[in-house]
Amino acid sequence: MKRANHLHVHDAGPAMKTSLGLLAVGTLTTWLLAGPFSGLFHATLPFHSIHELSTLELVEEIFSAPATYIALTVVCLGLGIFWMVRKQAAAGKEARFDILSRESFGFDWLNRQITSITFKFATVLQKTQTGKLNWNVVGILGALLVVLVFLLWSA
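The opening residue of the sequence shown carries number 5 in the working numbering; numbering runs sequentially from there.
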């Protein structure tokens, strides 16, 4: 498998590994504080109608939500694809995903199209610029006034 030199990838140093390790530990454990913080918010912000929720109730709420299972399915699919690509790379075969990723999954083409359209639109709008700051400010304030009048009229 060839290493792409045009990508500016470097090995993570000890400082990066340490900070990422701390972030990982924090991510895995901070959810345990949700129940106590919920009680704290309920006690200290009585006018905000914050409902107290224990950590166990929060866990039950999360595991009963369909979005949790959708997210877990997407993660498992990603891990499965990663495993298949690694297995093919170890066997020396070029994976279909390598070909797709080399082409950036078509997003480079899409990015070029959006950029081209934006430049064309900017060229058309460039004719509306006078080059004098005072007139540009008047145009911006006039457009703001039109929007405000429209919003007030439709309300």
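Simulated from the structure, these hints should not be mistaken for lab results. No residue lacks a Cβ here, since even glycine has one placed at the ideal position from N, Cα and C. There may be inaccurate statements among the hints.
[To be verified] Per label pair, the in silico range of CB-to-CB distance:
id, residue 1, residue 2, range
1, P70, L26, 29 to 35 Å
2, H14, E65, 39 to 45 Å
3, A75, I144, 38 to 44 Å
4, L114, A93, 49 to 55 Å
5, T22, N140, 36 to 42 Å
[Claimed, not checked] The calculated SDA-like cross-link candidates involving lysine to any residue, where the alpha carbons are at most 25 Å apart (straight line), are:
id, residue 1, residue 2
6, K91, T72
7, K136, F125
8, K136, G146
9, K131, L149
10, K124, R106
11, K21, W113
12, K131, W113
13, K124, G135
Tell me the hint numbers this structure goes against, listed in increasing order.
Hint check: 4, 5, 6, 10, 11 and 12 fail, others pass.
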